[in-house]
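Protein chains: 4
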Amino acid sequence: MPTPRKGNVEKISTEELTRLLVTPPLHQWLGLELKEAEHGRVVIRMPYRQELLADVDSSYIHGGMLATLADVAGDFAVITGVGFAVPTIDLRVDYLRPARPDMELMAEGNVVKFGRQVSVADVQVTGDGKQLLVARGLYSTAVR
Amino acid sequence: MPTPRKGNVEKISTEELTRLLVTPPLHQWLGLELKEAEHGRVVIRMPYRQELLADVDSSYIHGGMLATLADVAGDFAVITGVGFAVPTIDLRVDYLRPARPDMELMAEGNVVKFGRQVSVADVQVTGDGKQLLVARGLYSTAVR
Amino acid sequence: MPTPRKGNVEKISTEELTRLLVTPPLHQWLGLELKEAEHGRVVIRMPYRQELLADVDSSYIHGGMLATLADVAGDFAVITGVGFAVPTIDLRVDYLRPARPDMELMAEGNVVKFGRQVSVADVQVTGDGKQLLVARGLYSTAVR
Amino acid sequence: MPTPRKGNVEKISTEELTRLLVTPPLHQWLGLELKEAEHGRVVIRMPYRQELLADVDSSYIHGGMLATLADVAGDFAVITGVGFAVPTIDLRVDYLRPARPDMELMAEGNVVKFGRQVSVADVQVTGDGKQLLVARGLYSTAVR
Numbered sequence: 076m077p078t079p080r081k082g083n084v085e086k087i088s089t090e091e092l093t094r095l096l097v098t099p100p101l102h103q104w105l106g107l108e109l110k111e112a113e114h115g116r117v118v119i120r121m122p123y124r125q126e127l128l129a130d131v132d133s134s135y136i137h138g139g140m141l142a143t144l145a146d147v148a149g150d151f152a153v154i155t156g157v158g159f160a161v162p163t164i165d166l167r168v169d170y171l172r173p174a175r176p177d178m179e180l181m182a183e184g185n186v187v188k189f190g191r192q193v194s195v196a197d198v199q200v201t202g203d204g205k206q207l208l209v210a211r212g213l214y215s216t217a218v219r
Numbered sequence: 076m077p078t079p080r081k082g083n084v085e086k087i088s089t090e091e092l093t094r095l096l097v098t099p100p101l102h103q104w105l106g107l108e109l110k111e112a113e114h115g116r117v118v119i120r121m122p123y124r125q126e127l128l129a130d131v132d133s134s135y136i137h138g139g140m141l142a143t144l145a146d147v148a149g150d151f152a153v154i155t156g157v158g159f160a161v162p163t164i165d166l167r168v169d170y171l172r173p174a175r176p177d178m179e180l181m182a183e184g185n186v187v188k189f190g191r192q193v194s195v196a197d198v199q200v201t202g203d204g205k206q207l208l209v210a211r212g213l214y215s216t217a218v219r
Numbered sequence: 076m077p078t079p080r081k082g083n084v085e086k087i088s089t090e091e092l093t094r095l096l097v098t099p100p101l102h103q104w105l106g107l108e109l110k111e112a113e114h115g116r117v118v119i120r121m122p123y124r125q126e127l128l129a130d131v132d133s134s135y136i137h138g139g140m141l142a143t144l145a146d147v148a149g150d151f152a153v154i155t156g157v158g159f160a161v162p163t164i165d166l167r168v169d170y171l172r173p174a175r176p177d178m179e180l181m182a183e184g185n186v187v188k189f190g191r192q193v194s195v196a197d198v199q200v201t202g203d204g205k206q207l208l209v210a211r212g213l214y215s216t217a218v219r
Numbered sequence: 076m077p078t079p080r081k082g083n084v085e086k087i088s089t090e091e092l093t094r095l096l097v098t099p100p101l102h103q104w105l106g107l108e109l110k111e112a113e114h115g116r117v118v119i120r121m122p123y124r125q126e127l128l129a130d131v132d133s134s135y136i137h138g139g140m141l142a143t144l145a146d147v148a149g150d151f152a153v154i155t156g157v158g159f160a161v162p163t164i165d166l167r168v169d170y171l172r173p174a175r176p177d178m179e180l181m182a183e184g185n186v187v188k189f190g191r192q193v194s195v196a197d198v199q200v201t202g203d204g205k206q207l208l209v210a211r212g213l214y215s216t217a218v219r
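Protein chains in written order, with the working numbering: chain A, 76 to 219; chain B, 76 to 219; chain C, 76 to 219; chain D, 76 to 219.
It is worth saying that the hints were derived from the structure and are not from the lab. Each hint should be verified, as a subset may be incorrect.
The list cannot tell twin chains apart, which means a pair is met if one copy fits it or any two copies do.
Stated by the list, open to error - Pairs of lysine to any residue, SDA-like flavour, derived with a Cα cap of 25 Å:
id	residue 1	residue 2
1	Lys188	Ala217
2	Lys86	Gly204
3	Lys205	Ile87
4	Lys86	Val131
5	Lys188	Pro100
6	Lys205	Gly115
7	Lys188	Gln125
8	Lys205	Phe189
9	Lys205	Ala217
10	Lys188	Val218
11	Lys205	Arg175
12	Lys110	Val218
13	Lys188	Gln199
14	Lys188	Val131
15	Lys188	Arg124
16	Lys86	Arg124
17	Lys86	Met178
18	Lys86	Asp177
19	Lys86	Val97
20	Lys205	Thr98
21	Lys86	Gln125
22	Lys86	Trp104
23	Lys205	Pro173
24	Lys205	Arg116
25	Lys205	Asp130
26	Lys86	Arg175
These figures come from a predicted structure and were not determined experimentally.
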């Protein structure tokens with residue numbers, strides 16, 4: 076049995092993490108799914124639904140919804156290490172390519188730094204494995 | 076009759092701007108409303124709906140949806156000056172206060188700079204008049 | 076005598092604020108000057124020096140030095156309200172126009188929100204009164 | 076002889092890249108050194124000098140100067156692929172740890188996306204190999 080790395084003590088079970096992800100009304104409506112979770116890293120899937128479309132020609136998914144997915148992925152990456160839900164302080168999103176309706180959308184969040192006051196996470200959202208956006212979020216991890 | 080300021084020539088009618096706002100499936104689902112529009116500035120309202128909630132206690136609206144609203148407001152502020160829909164290049168959101176379900180949510184977008192390649196807009200989202208977030212977005216205004 | 080607004084109690088004297096500004100070696104080298112200061116707002120001047128130039132043709136000031144000036148202005152706007160030096164958590168800068176060597180450079184920092192954990196400030200840097208960049212910074216205001 | 080990958084044609088020689096780096100007055104004053112360069116990636120060293128200090132106790136390097144270094148690293152990562160100097164459109168910096176005076180400071184810039192209009196680069200600045208900041212910059216790569 077491997078010795079856990081420093082900071083790798085399990086702060087939250089996958090069951091509880093999943094419950095936090097699927098319970099909020101918006102996450103339910105979006106149908107978010109936790110695909111992978113480990114200390115400081117999650118992968119979340121967002122299925123297609125027609126209401127996500129940004130334009131009348133149904134040609135691409137709204138960037139705001141990709142930002143929402145990115146925010147959630149960064150947030151949950153942080154939650155794996157702190158064990159409780161954390162508010163977003165700020166979020167920055169760079170759009171690289173449009174998200175087409177038939178793409179399989181996945182967001183991977185990785186913690187850059189766990190801090191006592193604030194934590195930083197990097198996120199990439201992919202569509203069929205191609206990078207669609209990169210994001211970086213700051214989350215409040217001060218104990219309340 | 077006042078002489079229009081430089082750059083103040085009407086590039087898009089309010090009717091066309093409204094059509095661009097209310098036609099996309101996501102905007103329709105959100106029920107976005109154009110409240111004010113002039114050269115370089117718009118005010119957009121996002122009504123409450125239960126699916127926007129971020130938590131099981133129904134205590135606040137999801138930050139991603141506020142970012143979506145902010146993105147739209149920045150985008151449409153830019154559209155008033157260029158006359159056509161523009162893609163978001165990057166977006167940065169600072170969350171100041173939680174958005175409660177009973178708040179009247181409004182986003183005001185103001186163009187900081189109209190550029191030939193890219194344009195910058197500032198946005199604030201208010202709830203019952205109180206500042207909930209500030210955002211800044213960069214939009215691609217290169218003529219295609 | 077007017078009743079001070081909530082949070083408007085003087086946390087730091089202009090003398091102490093000036094001392095904090097002019098003492099650090101980098102600020103000295105840059106020759107930063109405090110031109111105005113009130114609760115939540117400062118104006119800081121950065122004089123020209125040849126080492127600030129970004130290119131061989133001496134045509135413009137390096138963007139990094141404008142970001143430095145913006146960071147300082149945001150920081151000192153926050154200091155007016157908390158009374159002590161605060162570390163920058165993150166900084167975002169949008170460049171609007173190049174800074175020419177003969178321009179009078181001024182940065183105005185305004186606090187958007189004083190928070191217990193973090194505070195947000197907006198900054199604009201002008202050259203001869205024209206907006207050259209806008210920036211937004213997040214500063215750690217948790218009491219140590 | 077290997078077939079160059081698409082986009083991997085040498086757009087600029089290491090000699091010319093070095094000349095662009097060491098010629099500007101600010102870069103000279105900072106003593107910036109090009110340590111590594113390949114398509115889409117550079118490593119740049121910034122040596123210590125006393126004027127970079129942020130505080131009277133000489134305990135850490137000014138964040139603005141680290142942002143300057145990050146900006147240059149992102150910029151030069153982009154230059155490797157476009158072959159000419161490019162202006163910064165926006166820059167975002169997250170500070171993770173203070174930079175101590177005795178640390179060996181290195182910035183690594185990696186291009187996230189080469190675009191026809193704009194390009195995105197990620198940067199990390201390390202001190203003695205420890206991550207001090209992460210940054211992301213947007214650069215104008217429209218052909219003039």
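Going through the hints against the structure:
1. Lys188 with Ala217: both (14 Å within a copy, 18 Å between copies)
2. Lys86 with Gly204: neither (30 Å within a copy, 28 Å between copies)
3. Lys205 with Ile87: neither (30 Å within a copy, 28 Å between copies)
4. Lys86 with Val131: between (45 Å within a copy, 21 Å between copies)
5. Lys188 with Pro100: The answer is neither: 29 Å in one copy and 29 Å across copies each exceed 25 Å.
6. Lys205 with Gly115: both (22 Å within a copy, 18 Å between copies)
7. Lys188 with Gln125: Neither. Shortest intra-copy (36 Å) and inter-copy (29 Å) distances fail the 25 Å Cα cut-off.
8. Lys205 with Phe189: between (28 Å within a copy, 14 Å between copies)
9. Lys205 with Ala217: So Lys205 and Ala217 pass the 25 Å test across copies only (23 Å; inside, 35 Å).
10. Lys188 with Val218: both (16 Å within a copy, 21 Å between copies)
11. Lys205 with Arg175: within (11 Å within a copy, 36 Å between copies)
12. Lys110 with Val218: neither (28 Å within a copy, 39 Å between copies)
13. Lys188 with Gln199: Both: 16 Å inside a copy, 13 Å across copies.
14. Lys188 with Val131: neither (41 Å within a copy, 28 Å between copies)
15. Lys188 with Arg124: Neither way: Lys188 and Arg124 sit 33 Å apart in one copy and 28 Å across, limit 25 Å.
16. Lys86 with Arg124: Neither. Shortest intra-copy (33 Å) and inter-copy (33 Å) distances fail the 25 Å Cα cut-off.
17. Lys86 with Met178: neither (33 Å within a copy, 34 Å between copies)
18. Lys86 with Asp177: neither (36 Å within a copy, 34 Å between copies)
19. Lys86 with Val97: within (19 Å within a copy, 44 Å between copies)
20. Lys205 with Thr98: Neither. Shortest intra-copy (29 Å) and inter-copy (28 Å) distances fail the 25 Å Cα cut-off.
21. Lys86 with Gln125: Neither, since 36 Å and 31 Å both go past 25 Å.
22. Lys86 with Trp104: neither (27 Å within a copy, 37 Å between copies)
23. Lys205 with Pro173: within (10 Å within a copy, 33 Å between copies)
24. Lys205 with Arg116: Both: 19 Å inside a chain and 20 Å across chains, each within 25 Å.
25. Lys205 with Asp130: within (21 Å within a copy, 31 Å between copies)
26. Lys86 with Arg175: Intra 36 Å, inter 29 Å, cutoff 25 Å: neither.
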